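Asker: Below, each chain spelled out in residue letters.
Protein chains: 2
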Amino acid sequence: MAFKTQIVSVLRQAEAAAIRSARARSARMTNQAVMSLRISTEAAVGAPAAFRCFSISPARPWRQTQARRADRTHTSKRYPELKRDSRFATLTPEHVAYFRELLGEKGVIDAVTEPAFQDDVEPFNSDWMGKYRGHGQLVLRPGSTEEVSKVLKYCNDQRLAVVPQGGNTGLVGGSVPVFDEVVVSMGRMQTIRSFDDLSGTLVVDAGVVLEVADAYLAERGYLFPLDLGAKGSCHVGGNISTNAGGLRLLRYGSLHGTVLGVEAVLPDGTIIDDLCKLRKNNTGYDLKQLFIGAEGTLGMVTGVSIACPQRPAAVNVAFLGLKSYEQALRAFREAKSQLSEILSAFELMDASSQDIVRTVRPDARRPLEGEHEFYCLIETSGSNAEHDTAKLEAFLEDVMEKEIVEDGVLAQDETQVKALWTWREGITECLGHLGGVYKYDLSIPLPELYQLVEDTRTQLASKGLIGDGDEFPAAKVVGYGHMGDGNLHLNIPVRRYDSAVEQALEPFVYEWIAKRQGSISAEHGLGLAKKKFIGYSRNETLVSLMKQIKKTFDPNGIMNPYKYI
Amino acid sequence: MAFKTQIVSVLRQAEAAAIRSARARSARMTNQAVMSLRISTEAAVGAPAAFRCFSISPARPWRQTQARRADRTHTSKRYPELKRDSRFATLTPEHVAYFRELLGEKGVIDAVTEPAFQDDVEPFNSDWMGKYRGHGQLVLRPGSTEEVSKVLKYCNDQRLAVVPQGGNTGLVGGSVPVFDEVVVSMGRMQTIRSFDDLSGTLVVDAGVVLEVADAYLAERGYLFPLDLGAKGSCHVGGNISTNAGGLRLLRYGSLHGTVLGVEAVLPDGTIIDDLCKLRKNNTGYDLKQLFIGAEGTLGMVTGVSIACPQRPAAVNVAFLGLKSYEQALRAFREAKSQLSEILSAFELMDASSQDIVRTVRPDARRPLEGEHEFYCLIETSGSNAEHDTAKLEAFLEDVMEKEIVEDGVLAQDETQVKALWTWREGITECLGHLGGVYKYDLSIPLPELYQLVEDTRTQLASKGLIGDGDEFPAAKVVGYGHMGDGNLHLNIPVRRYDSAVEQALEPFVYEWIAKRQGSISAEHGLGLAKKKFIGYSRNETLVSLMKQIKKTFDPNGIMNPYKYI
Numbered sequence: 001m002a003f004k005t006q007i008v009s010v011l012r013q014a015e016a017a018a019i020r021s022a023r024a025r026s027a028r029m030t031n032q033a034v035m036s037l038r039i040s041t042e043a044a045v046g047a048p049a050a051f052r053c054f055s056i057s058p059a060r061p062w063r064q065t066q067a068r069r070a071d072r073t074h075t076s077k078r079y080p081e082l083k084r085d086s087r088f089a090t091l092t093p094e095h096v097a098y099f100r101e102l103l104g105e106k107g108v109i110d111a112v113t114e115p116a117f118q119d120d121v122e123p124f125n126s127d128w129m130g131k132y133r134g135h136g137q138l139v140l141r142p143g144s145t146e147e148v149s150k151v152l153k154y155c156n157d158q159r160l161a162v163v164p165q166g167g168n169t170g171l172v173g174g175s176v177p178v179f180d181e182v183v184v185s186m187g188r189m190q191t192i193r194s195f196d197d198l199s200g201t202l203v204v205d206a207g208v209v210l211e212v213a214d215a216y217l218a219e220r221g222y223l224f225p226l227d228l229g230a231k232g233s234c235h236v237g238g239n240i241s242t243n244a245g246g247l248r249l250l251r252y253g254s255l256h257g258t259v260l261g262v263e264a265v266l267p268d269g270t271i272i273d274d275l276c277k278l279r280k281n282n283t284g285y286d287l288k289q290l291f292i293g294a295e296g297t298l299g300m301v302t303g304v305s306i307a308c309p310q311r312p313a314a315v316n317v318a319f320l321g322l323k324s325y326e327q328a329l330r331a332f333r334e335a336k337s338q339l340s341e342i343l344s345a346f347e348l349m350d351a352s353s354q355d356i357v358r359t360v361r362p363d364a365r366r367p368l369e370g371e372h373e374f375y376c377l378i379e380t381s382g383s384n385a386e387h388d389t390a391k392l393e394a395f396l397e398d399v400m401e402k403e404i405v406e407d408g409v410l411a412q413d414e415t416q417v418k419a420l421w422t423w424r425e426g427i428t429e430c431l432g433h434l435g436g437v438y439k440y441d442l443s444i445p446l447p448e449l450y451q452l453v454e455d456t457r458t459q460l461a462s463k464g465l466i467g468d469g470d471e472f473p474a475a476k477v478v479g480y481g482h483m484g485d486g487n488l489h490l491n492i493p494v495r496r497y498d499s500a501v502e503q504a505l506e507p508f509v510y511e512w513i514a515k516r517q518g519s520i521s522a523e524h525g526l527g528l529a530k531k532k533f534i535g536y537s538r539n540e541t542l543v544s545l546m547k548q549i550k551k552t553f554d555p556n557g558i559m560n561p562y563k564y565i
Numbered sequence: 001m002a003f004k005t006q007i008v009s010v011l012r013q014a015e016a017a018a019i020r021s022a023r024a025r026s027a028r029m030t031n032q033a034v035m036s037l038r039i040s041t042e043a044a045v046g047a048p049a050a051f052r053c054f055s056i057s058p059a060r061p062w063r064q065t066q067a068r069r070a071d072r073t074h075t076s077k078r079y080p081e082l083k084r085d086s087r088f089a090t091l092t093p094e095h096v097a098y099f100r101e102l103l104g105e106k107g108v109i110d111a112v113t114e115p116a117f118q119d120d121v122e123p124f125n126s127d128w129m130g131k132y133r134g135h136g137q138l139v140l141r142p143g144s145t146e147e148v149s150k151v152l153k154y155c156n157d158q159r160l161a162v163v164p165q166g167g168n169t170g171l172v173g174g175s176v177p178v179f180d181e182v183v184v185s186m187g188r189m190q191t192i193r194s195f196d197d198l199s200g201t202l203v204v205d206a207g208v209v210l211e212v213a214d215a216y217l218a219e220r221g222y223l224f225p226l227d228l229g230a231k232g233s234c235h236v237g238g239n240i241s242t243n244a245g246g247l248r249l250l251r252y253g254s255l256h257g258t259v260l261g262v263e264a265v266l267p268d269g270t271i272i273d274d275l276c277k278l279r280k281n282n283t284g285y286d287l288k289q290l291f292i293g294a295e296g297t298l299g300m301v302t303g304v305s306i307a308c309p310q311r312p313a314a315v316n317v318a319f320l321g322l323k324s325y326e327q328a329l330r331a332f333r334e335a336k337s338q339l340s341e342i343l344s345a346f347e348l349m350d351a352s353s354q355d356i357v358r359t360v361r362p363d364a365r366r367p368l369e370g371e372h373e374f375y376c377l378i379e380t381s382g383s384n385a386e387h388d389t390a391k392l393e394a395f396l397e398d399v400m401e402k403e404i405v406e407d408g409v410l411a412q413d414e415t416q417v418k419a420l421w422t423w424r425e426g427i428t429e430c431l432g433h434l435g436g437v438y439k440y441d442l443s444i445p446l447p448e449l450y451q452l453v454e455d456t457r458t459q460l461a462s463k464g465l466i467g468d469g470d471e472f473p474a475a476k477v478v479g480y481g482h483m484g485d486g487n488l489h490l491n492i493p494v495r496r497y498d499s500a501v502e503q504a505l506e507p508f509v510y511e512w513i514a515k516r517q518g519s520i521s522a523e524h525g526l527g528l529a530k531k532k533f534i535g536y537s538r539n540e541t542l543v544s545l546m547k548q549i550k551k552t553f554d555p556n557g558i559m560n561p562y563k564y565i
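These protein sequences, in sequence, are chains A and B.
When we follow this note's numbering, the leftmost residue of the first sequence carries the number 1, and every step to the right adds one.
When we follow this note's numbering, the leftmost residue of the second sequence carries the number 1, and every step to the right adds one.
Heads up, a few of these hints could be off.
For chains that are exact copies, the list does not tell them apart, and a pair is met inside one copy or across any two.
As the list claims (entries may be wrong) - Calculated lysine-lysine pairs in the BS3-like style (CA-CA distance at most 27 Å, straight line):
#	residue 1	residue 2
1	Lys-336	Lys-463
2	Lys-106	Lys-418
3	Lys-77	Lys-531
4	Lys-547	Lys-150
5	Lys-418	Lys-463
6	Lys-83	Lys-402
Keep in mind that the hints were calculated from the coordinates and are not lab data.
What you are looking at is a predicted structure, and each value in this text was computed from that prediction instead of being measured.
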C-alpha cells in the first residue's frame, strides 16, 4: 500500500514539475521497480530525430518519379487465373489523341504512342508495397469534375476499362491496373472548395491529400475526423472510396457518419451532385453511402463534404506494458469507462511487433525498458488539458493499483506524443525489412481478437514454415491494431513470398474469421487481394444485391474491373 | 466589473452549496438584475408533477385502443390526386385465412371478414396527429423474422400492398395506409437479442421501443445513441427506417455512423442478414445504409445492431435567454469551442414557441422570469461531474461577460434537468392546442436558419392569413429545433386547416430552402407529406437512381406505395 501511495505521489509531482527536470527524474524512477509508472522524456523515448524514418513521405511529383520495384512480378503472372476481359477495347493512338485534346499535355502520361514514357507510367502501375503491378500504359490526370465526366463517358462509349487512383497508398491492390486499364489519377484535383467555420463543414476535391486537409483545418481550430499512417500521401477521395478507418474511429466515428456529401461521376459521365453540407437530410435513399467503400467500382468520387470536429486543445498519450492479452482487455474496459468522452485511441501491439521496430531501428530508445508481452498506446483528446490530465492520471493510477498494467510512460509534450506514436505507426513500414509481408486486416469480437495470432503461429509451426533460420520462409507472426475498434492487423513478415505459406494461411485465416462472424477486411477493403474471399464475410444474398447495384451504376463494367465485384 | 465578479462568485458558491438551500438562494438571486445568472430550482421551474402532461405515453395495448380521431378525413379525400394502384389485389377472405393460419389469432387484426373489428384497426390506420388516415382493414403482427418473410413473400406473390409500421409516431404520414394496404406491425417483435458490454454493441428486434432499449442499456452503463421526444412509443426499427436524428445527433452522430448492422426482409421474402456486430467491415458496398431512411419502401427492417456509447455520469443543462438570433449564433460558436467534447445538445426556441407552452400550461413555472426573443437549451454530458460543471460554468461566465446572453439558469439535479427539457420537448405537443399545425422540418445553413421563420411570417401576413382573431386561419409562426445540427422545426399552428394557408406556404417554403441548398426534410423523412417535393432537395439524377434501386429491391412496388418513391 505504501508502494502504491508512492506511485500516486510521483504522479502528482510529475504533473507539477517542469519538463526541464523530467530527464533526471525519469532516470531516478526507472530504478524503482518494474511496477513503477514512469514519465517519458526525450531521453527515455529518444530524440525526435531518431524517429524521422517512420514518417510517410509526401506524394512524389509524377514526372520525376522512377518506377519503383520495376523488377517485381506482374499481377497477371502472380494470379494466372485472371484473364483480360475481351469485352474491353485496347488503347489506340486515336484514343490517346482524344485524351490529349481534352486534357492537354499535363493531363496525359502516354506510353501507348510513346513507349519511352513507360517509366513514368510505372509508379501508377504498381502499389507502394510492390506487391501488385499492372500493364497500364496510359495515365489520365483530369483537372476538374467536368473533365472526369468527359473522360469516363468516352471510356464507357469506347469500352475502355478504368482504374481510379488517389494517393495509391492502398494495401489490397485496389488502385492499380491488372492489365491495360486506363489509370485516372486525381492528383491534379487538389482544391479545398469551402469551409464553414461555424458548422465545421469542409468541402474538398477528391485529390486533396489528407494531411493537407488536416493542416488547413488545424489553422482554423478544426480536425479532419480521420487519421492514418499514410496521411502524407493518401487522398481524401481515396479515403472515402476505401472507407478508411484509421487511428481515431473510436472517437470520431466512421466515414459513413461524418461524410455529409459526395460528388461522383458515373461511368456514363453523369455527375452525381450530392455534395450536401447539411448534417441532416432525410430525403430519400442515402446514395452517397454506396460510394463510401465502393473502391472505385461504381464511379469516381470527385468531391467530398465532411463534418469536422473541433480540434482538441489537449492531446495526451500513455504507453503501457502488460503481461497478457487478458490484461489488455481489462485495461480497455477501464479506459472506456474512465476516459469515456476523451478517449481517442486504444492501440494494441504485441511483443513481436515491437521487436521488429527495435530490429529495424536499433538506435531508437524504447519507451519502456523492461520486456512485456503486450503494449497499449492510449490517447486522449479533449478541450481542457488540466481536466484531461487529471482523468488520465486517475486512470493510470487505477490500472497500476489493480495490477492490470506492469509499466507505463506518459508523454510530456507534443514531441513525446509523436515519439510514442512512432512505436505504433512505425510497425507497418518496419515489417517489410526481411523481404515481404502477408497482411490481414481483420475485425474480430474483442475477447478472441488475439487468439488468431496464436493460432496462426501454431498453424505455420505445424507445417514447419516459421522459424529463425533462413530455411524458414516465415520469420514471425505479428499482431497489432486498433483494439478500440476490434480491428486486428495480422502480419506475417517473410523472407520470401512462398506459396506454401500462402496455402497455410488461406483459407485458414478466413475460415477462422467466418466462424466468429468477424470481417476479413476491417478497413483496407477487398481490392484484388481479397476478391475471392468476400463470401467469408458477406452472404450470397448480399453479394447478389451488390452485383445488381454494380450493374445499375456501371452496366458495362468498366470501373475498376478484376477487383472484388 | 464588480458585478461580473459577483456572478462568478455566486456560481462558485452555487456549485459548492447543497441542493437543500437552492430554493432560498434562487429567490434571492432573481432580485439581483435581469443580467444575473440564476440557478434553477424546483420552485423556479415548477415541481415535476406539473410537467407530466408533456411526457409521451407508452404504446397502448392494441386491442384495447379506441380509434383515435375517427372523425378525421381520409387521406384519399385530402389528396384526391392519389389513386389506388389497380395492380394491387384486393384483400379476400382467402388471404385472411392464409395469414390467420400463418400467424395465429394474436397475429391478425381482421376487419376484412369481421367488420366489427374496424375500430381495432383504426389506430393502425391513422397517425398520432390525426392528419393521415387510410382505409386499411387488416393488420398483421408477425412474431419473428421468419414470419415477416412469409408474410411479405405471400403479399408479393399475391400483389398485396404493404405498409410497415413501427411505433407509428412519424410526422409525415409514412407509416399508415392510404388505401387498403396491409399494415405489418412490428409490435410483437420486442426482444433484446444481445448486448456486448465490452464493445457496447446492442442487437435488438426492430419492434423494441427506444426507451426500453435505453433503459436496458442504462442498467449496464451504456446509452442508446439516439434520443427523441417520442422515445416512449417509437420503435428502434422505425428510427432506423426514418433515419431519426433527434436531440443528441450533435454528440453521438447520425445512425449512418452508429448502426453496425441491419436484418431486413425483402418483398420476395429474402432475409438479408447483415446484422454485423463489428465497428469495421469493409467488404463491399454497405447495403444496410440503404435501409437507413428508406421509410419502408425497400423492405422491412426486422433487427438492428448498433454501437452504444458509455452512459455519461454527469448531465448538465442550462437554459438561456437571448435578445436576438445573432446572439444565439454567437452562443453556439462559444459552446462548440468551449464545451467541445461534452456538448450534447444545443437547442433553439423562439419566443413564440415558449408563449405556446405557457398558454397550454399556464400553471407551469417558467425557467426564466423576463421576456426574451430567443431561448437556448444547452446540455453537456460527460464522465466527470466536477470537470463538466467547471467547463459549463466557465462558458456561462464567458457568455454573460461578453453580453451574448441576457439571462440563464442551470439545473441543479436530474429533476431540474428534466423540467428544463420539457420547455423544449413539450413544444411539439402544445402546438396543436388551437386545432392543427403545418409542420416543416428543415435543414438550413446556420447563418440564415431563423430568417425563414421571419420570411414565413411576412408571407402569411401579406396574404392576410395570420393574426389574433378567429377570422385568421393561422395564429403564429413558430421556430425551434436542433440548432447544433442546423435543423429548424418551422411550425404554423392554425385554427383550422385551410387551403389558402397551404398555398401560401407551399411551394414558398420549399423554394426558399432550395435556394439555400437546404433540406426539405432534415429528420422526419418524406412519407406522404413531402412526396411531391423531393425535387427541391434532390436532383433528377439522384431521384432516378433511387427509382432504379427501388426497382431492384421491390420490383412489384408493394412496399409502402403512394409514398415518396
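Asker: Please list, smallest to largest, the hint numbers that this structure does not respect.
Answerer: 1, 2, 5, 6
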